[in-house]
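Undergrad: Letter by letter, the chains look like this.
Number of protein chains: 2
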Amino acid sequence: MRSRSVAIIGVSSNFKKAGSPILKNMLDFGFKGKVYPINPRLNSIMGLPVHASVKDIEGQVDLAIISTPPKTVPSILTECSEKKIKAVIINSEGFAETGEEGRKLQQEVANILKSAGIRALGPNTIGVVCPSKGLSTSTVDLRQIKEGNVAFVTQSGLFAGGMLQHIANSELFGLSTAVSLGNKVDIDESDALEFLADDDKTEVIGLYIEGIKDGRKFIHTAKMANAKKPVILVKGGRTPRGAQAALSHTASLATDDKILDAALKQAGIIRANGFCDLMDTITAFAFQPLPKSRRVAIITNTGAYGIIAVDFCISYGLEIANFKPETTARLLEVMEENSKVRNPIDIYPAAVKHGRSKVFETSLDAVLGDEGVDTAIVITWVGGDNMVPECIIAPARRHPEKPVLVSVYGSSASEFRRILGEARIPAYTFAELAVIALSRMYKYAAYKKSLENLR
Amino acid sequence: MRSRSVAIIGVSSNFKKAGSPILKNMLDFGFKGKVYPINPRLNSIMGLPVHASVKDIEGQVDLAIISTPPKTVPSILTECSEKKIKAVIINSEGFAETGEEGRKLQQEVANILKSAGIRALGPNTIGVVCPSKGLSTSTVDLRQIKEGNVAFVTQSGLFAGGMLQHIANSELFGLSTAVSLGNKVDIDESDALEFLADDDKTEVIGLYIEGIKDGRKFIHTAKMANAKKPVILVKGGRTPRGAQAALSHTASLATDDKILDAALKQAGIIRANGFCDLMDTITAFAFQPLPKSRRVAIITNTGAYGIIAVDFCISYGLEIANFKPETTARLLEVMEENSKVRNPIDIYPAAVKHGRSKVFETSLDAVLGDEGVDTAIVITWVGGDNMVPECIIAPARRHPEKPVLVSVYGSSASEFRRILGEARIPAYTFAELAVIALSRMYKYAAYKKSLENLR
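Going down the list, the protein sequences come from chains A and B.
One point on numbering: in our numbering, the residue at position 388 of the first sequence is 1851, and numbering is uninterrupted.
One point on numbering: in our numbering, the residue at position 155 of the second sequence is 1618, and numbering is uninterrupted.
Hints in this document: simulated from the structure, not taken from any laboratory.
It cannot be assumed that every hint is accurate.
Note: identical chains are not told apart, hence a pair may lie in one copy or across any two.
To be verified - EDC-like mimics (lysine to aspartate or glutamate), calculated; alpha carbons at most 16 Å apart, straight line:
{"id": "1", "residue 1": "1549", "residue 2": "1662"}
{"id": "2", "residue 1": "1787", "residue 2": "1610"}
{"id": "3", "residue 1": "1549", "residue 2": "1885"}
{"id": "4", "residue 1": "1906", "residue 2": "1853"}
{"id": "5", "residue 1": "1497", "residue 2": "1740"}
{"id": "6", "residue 1": "1728", "residue 2": "1563"}
{"id": "7", "residue 1": "1479", "residue 2": "1848"}
{"id": "8", "residue 1": "1547", "residue 2": "1519"}
{"id": "9", "residue 1": "1480", "residue 2": "1848"}
{"id": "10", "residue 1": "1692", "residue 2": "1724"}
Chain A with its partners taken away, still in its complex shape (with noise of 0.2 Å):
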């Protein structure tokens, strides 16, 4: 991650093997270091000069990247080593998720690893991605990255990419590293949620695995870092259908999935159900502080949302706030009739006299300055109206203590979304799924606190 200057061994005049494009992308995202390509049949690429070898480069190499087809892999690794390199990315496929033969292989590539003290990624991975150093190892142009506080590590190649692009053109949260482990020959998810916990850019961890290598040191790193920062996981293969195909993806071994849920459980880390779910939990986390306890307000434009939110609420263990006079207090000025001023808010009809903006804005300050509320979300149709996304981000940013998540829809929804994912607003396009963000929230606040308690 923290790497100067990368060899990339294998890159090639036909775009469709992978070396060219990581190049390719490397430059275009930015990297600072220095580069060497690797080709013994090319003299230069890109306006770069290439070498036939990484032992014909004259300065240090900090990492190299091999992507080259697997049985060249032993000897090129014999070169690093020669060379003193000391990290590698081993893109190249063809390894233990083919079978029998690609088995050995990969042994054959551990022993040289060993014996050589070279730590690798991979084999079968798109590497690293890390915005803030410019450096991207990955075969998918991922330009559209934006730096942030989420690490996002996933075992499989192609899927890191197609994800990563997914992020970059969402009003998601923005990313400190992104790992892709792939066979896991030496480094593994234990290896990467080591090195993020202690990450000062990174606050939140998101993980897609397979398998995992020792299950022990795992549970055992994985509360280590959780306790740090929240770690959000998927893992593949949960049902033996889904963990059969898993072993011709990754080479991954079933896990005994209630053993395993049970060890995260205790160790107060999030599973999330899917990848929406892990998308739509993570942005929360990535955007917004802790709830304190599981008091919740909500203000809506139309009642029936409300209520399925306060619904929602209940069945994942979120309370609904009461206000405190004075809260009921400042309401009432422009909600005007007390039958209004309950929790769930529907500032419907107040928002015909007074515009939308102004009822928003008064009732979520209203509310986040009520000691009795912990979180505030916010339910609002957008459209033909002259609603303004600062009638959210104002008042939640004079509490920045207390979250607050949205659900828009409607027919500006989409601008208005990324308005206020650029605030650091979490925005839903429905409230069910920040309501369930939201208690992931509170659940791990809870398990913090637990933790202190201990203490």
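Using the hints provided, position chain B relative to the given structure of chain A.
TA: Relative to the frame of chain A, chain B by itself:
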């Protein structure tokens, strides 16, 4: 719904009052019948002459929309009765949802309606939207609503408006009819279901209700409707705290949720878990045929999401299909390796050689032609490649009897989803949502089959 002449009572030069937005939307929506604005203190509005009372209109009036202060509604209804108007939509609020006084007023309205033989929707409703007739009685601008095969019934007024805007602005289904029930002084959910069960243009019914006026009648009607076409329901106020909120929203009384749940299950009615689930499920039913049975083929360009999809299939009662030898042989033509023709099919790395479009098209066509496959789920991320939606659309069209559902993410996903939506292929961002929607289709298909076996 079939009205050819509509009076709008309560138009005003003040656009904050509901009457005039209703008139404007009616004209914008392209209503082809006659429209009569009513207000005793105006001469003309939006180029139309204004009458002082419905009694001053010369021709017949099929429907009156009443948008005046609540206390004036009884006398207006009397005038409607004298004009022999048989249908009214009471847009006005301030009835049973506001407390004792409003409840009395609503009872007075009920009595007048009964003795005059007028059928009424509302009060506290935005009424109906019927794209094929250009009829919209809503205060919300709904010009972008597409005509389609889905009827959407909701109890809430504003919510209907917002959710309809969401539908109009997504790659979602079109509408045959939308009905907002409001306080249900006369027409209720059972009446709406009875009408829609026999409506030729409606093939799927989505329902959001907060209360049920007559439980026995509702279950009876919903069961009858559901035997003809799928009824998908979200009930607000499942929890006691949610039910309390529903009381002050649409004066809905609490229902014992466990009893309701059991009755719905017996009637084979799908209960969606919130609005995200409702929209996803309706989209699948609206666009695709029912699966014959539960055997799913999964084709993906990332192994990871194939594994997650398998896990969700198993968890939601679906099966992973086994391919026939002829299918395997066809798949081998592009996949080339025996290890790659298992289900889920990971088109990588075959896609590197042949291009994604070709491999997706060939493999989707192969699995849909397999009699052991009932449904195909295609998962792909798109961005930076030349994959065309046609590679999914074409094979799906060649096998119109089998449902195809798609998950698309990545940098070009939204345009890709839009094109699939136009071709009536449900396109979700996240594969697990496609699986859940499919599981509901399978459940409904199994219920229909059980009904046939009873005959």
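Undergrad: Each hint should be assessed against the structure and marked as holding or not.
TA: Status of each hint after checking the structure:
Proximity of residue 1549 and residue 1662 under a CA criterion of 16 Å is satisfied in neither setting, with 20 Å inside one chain copy and 71 Å between copies. With identical chains, the CA atoms of residue 1787 and residue 1610 are never at most 16 Å apart, being 40 Å at best within one copy and 48 Å at best between copies. Proximity of residue 1549 and residue 1885 under a CA criterion of 16 Å is satisfied in neither setting, with 39 Å inside one chain copy and 53 Å between copies. Taking the shortest Cα distances, residue 1906 and residue 1853 never come within 16 Å of each other, neither inside one copy (29 Å) nor across copies (45 Å).
When the C-alpha separation of residue 1497 and residue 1740 is checked against a cutoff of 16 Å, the pair qualifies neither within a copy, at 39 Å, nor between copies, at 49 Å. Taking the closest pair of Cα atoms, residue 1728 and residue 1563 never come within 16 Å of each other, the shortest separation being 36 Å inside a single copy and 49 Å across copies. In this assembly of identical chains, residue 1479 and residue 1848 lie within 16 Å of each other by CA distance solely across copies; the values are 11 Å between and 50 Å within a copy. In this assembly of identical chains, the alpha carbons of residue 1547 and residue 1519 lie at most 16 Å apart only when taken from the same copy (13 Å versus 97 Å across copies).
Taking CA atoms no more than 16 Å apart as the test, residue 1480 paired with residue 1848 passes between copies only; the shortest distance there is 14 Å, against 52 Å inside one copy. In this assembly of identical chains, the alpha carbons of residue 1692 and residue 1724 never lie at most 16 Å apart, being 19 Å within a copy and 40 Å across copies at closest.
Violation of the numbered hints given earlier is confined to hints 1, 2, 3, 4, 5, 6, 10; the remaining hints are satisfied by the structure.
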